[in-house]
Amino acid sequence: MSAAVSAPSGMFDCRDAYVGALEELARNDNRIVAVVNDSVGSSKLGKFRELFPNRLVNVGIAEQNMVSVGAGLANGGKIPFVSGASCFLTARAMEQIKADCAYSEQNVKLCGISSGVAYGELGATHHSIEDIAWLRAIDKLTVIVPSDPWETAEAIKAAAAFDGPVFIRISRMPVPALARPEGAAFAIGKAETLREGGDVAIIANGTLVHRALDAAAALEAEGIAARVVNMATVSPLDVDVVAAAAATGAIVTAEEALAAGGLGGAVAEYCAENHPVRVKRIGFPGFLPTGSASWLMERFGLTADGIAAAARDLVKGKG
Amino acid sequence: MGESKEGMMGNPDISPSVSTDMRASVAKRAENVRARANWMRRRLLKMIVDAKQGHPGGDLSSADIVASLYFDILRVNPKDPAAPDRDRFVLSKGHCTGALYTALAGAGFFPEEELDTYLKPESRLNGHPNRAYLPGVETNTGPLGHGLPVGVGVAVAGQIDNADYRVFVLTGDGELQEGSMWEAAMFAGHRGLGNLTVIVDCNRLQQGATTEDTNSLEPLGDKWRAFGWDVVEVDGHDHAALLAVFDASAEPRDKPRVIIANTFKGQGVSFMRDQVGWHHGVPNPEQYAQALAELDAEMSK
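Chains as they are written, first to last, in the working numbering: chain A, 73 to 391; chain B, 828 to 1128.
Keep in mind the hints are simulated off the structure, nothing from the lab.
It is possible that part of the hints are untrue.
Derived CB-CB ranges, DEER-like [stated by the list, open to error]: (1) B/A909 / A/E167: 17 to 27 Å; (2) A/W367 / B/S950: 52 to 62 Å; (3) B/E949 / A/D312: 44 to 54 Å; (4) B/A909 / A/K119: 45 to 55 Å; (5) A/A257 / B/A990: 33 to 43 Å; (6) B/G1104 / A/G132: 38 to 48 Å.
In this text, a Cβ means the ideal position worked out from N, Cα and C, and glycines have one as well.
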């Protein structure tokens, strides 16, 4: 792998990258509109509204209507970015996502904001950890879980250029900007190998990618060479990269979502049928106890330590 | 199609006065729509008999409304079905494909012979409309409560663009028990979508019983008015009245309009008319022969 370009330091809220990309797109293409459910603030679209007052459609607190209106706007030639808290956007409007966007093959972009356990203490009603499993089951819907500001912005631009329904899961949990090789480019459906290694492969996305890189660094000190794959696109899955990961003989998946059904489910399904290999899935088990987002991540092992421990176990198990 | 746009002035609710010339013209257009609707009824019954399933009750209650739109009102072109400035028609009561498919075929969106494939394996004529299969379908409906919200989205796009096209949505009355319809109705009222016209196929029957016995809709007009809509009532089987209302609805306005079309499920076939049992169902050979005879007699009136 070519030399990594140094990334800006500090921690970032990916919503800023999202709205920055959306404003840039909207400046150059008047088909771009934002559709929100009283979520201008939580989606950070206040500046967008100032810049393009005619292109921010606020349906109020009505998620089903928000998604259907998005589908209708697409029918009318717009490129709508439908933006709301991921827990409500997905669960409340699931049939609208299925029928009006995916089955109708409408050019709608669904942006799930504050996804995962960002709303920590607010509880399981406000956690969006089932979303990836639910959406992955819907045909013709692309599902992207970006890992950092650069990838968030690139995913938004790629979704705008792509003709079809796309869900982009946007976190508000602070993440670092990842160092990437010179010339790195984002492509829908293409996984990104951020670190080579042949003893075990860690396949992660979203807020778990930087934790996976930290885990790999710790494992290296123990003599374990861990590959780190950023699987930003969960659907369609980059099966070639999963097949190559399976060749290491051990796969750990990691995501800020249910361990069942999401990225871990996708990888496990593919491997069980095509490349049987030991897989350990890191994620949440179900409805979660009260606690902050960071506490929940620690409590359920969605950490560099948790990933490293899982990888270590699998490597030992290879005998 | 449907270049005729002379229109009557104002809200027919308020000012039903129409000039004699316009009345004559509407009568001529209505005769065309009547013949088309009669053909649709005969053709969709054949489809249902051949397919051994279907929703004849709602197909027949909506046939005159759908015929009025496709054979007179809508500015759509089957040779350019995705033209950006086309009028949109959304069948929110997506199960009434007998009415939609016969209208689309009659209007030239696909060959009439293809109606014989209705519900057969790999047919483009699915039980509910699919826009990826068939030109002229705007959005895939079937689950109730979707077509109006999508239609509202199209109308918002038209409003943003100050476009000329109009959006028509046909809903069932039972469908108005879906909460998503009222989310959309509230928003359409809020946005003042004057390019939007909703027609409620108000046959007062849902799948298993009357709407009033199930979860009552009345006072239905007041509900729409409270959400910021113009409300017009019409006999949904009177072609001249339907055309007059649609013409009037083309006048510039700053409110969405709902046309509550009073209809009968199974209209045109005596033993189906106003019978809840014919929501689904397939006529037997004797019933089918009787239905065709009745429709032939109606046409020759």
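Tested hints:
A hinted range of 17 to 27 Å holds for the C-beta pair B/A909 and A/E167, which are about 25 Å apart. In this structure the supplied range 52 to 62 Å holds for A/W367 paired with B/S950, their Cβ-Cβ distance being about 55 Å. A hinted range of 44 to 54 Å for the beta carbons of B/E949 and A/D312 is inconsistent with their spacing of about 32 Å. Between B/A909 and A/K119 the beta carbon distance is about 34 Å. The supplied range of 45 to 55 Å is therefore violated.
The supplied range of 33 to 43 Å is met by A/A257 and B/A990, whose beta-carbon atoms lie about 37 Å from each other. The hinted window of 38 to 48 Å between B/G1104 and A/G132 holds, with their beta carbons roughly 40 Å apart.
Consistency with the previously given hints fails for numbers 3 and 4, ordered from lowest to highest.
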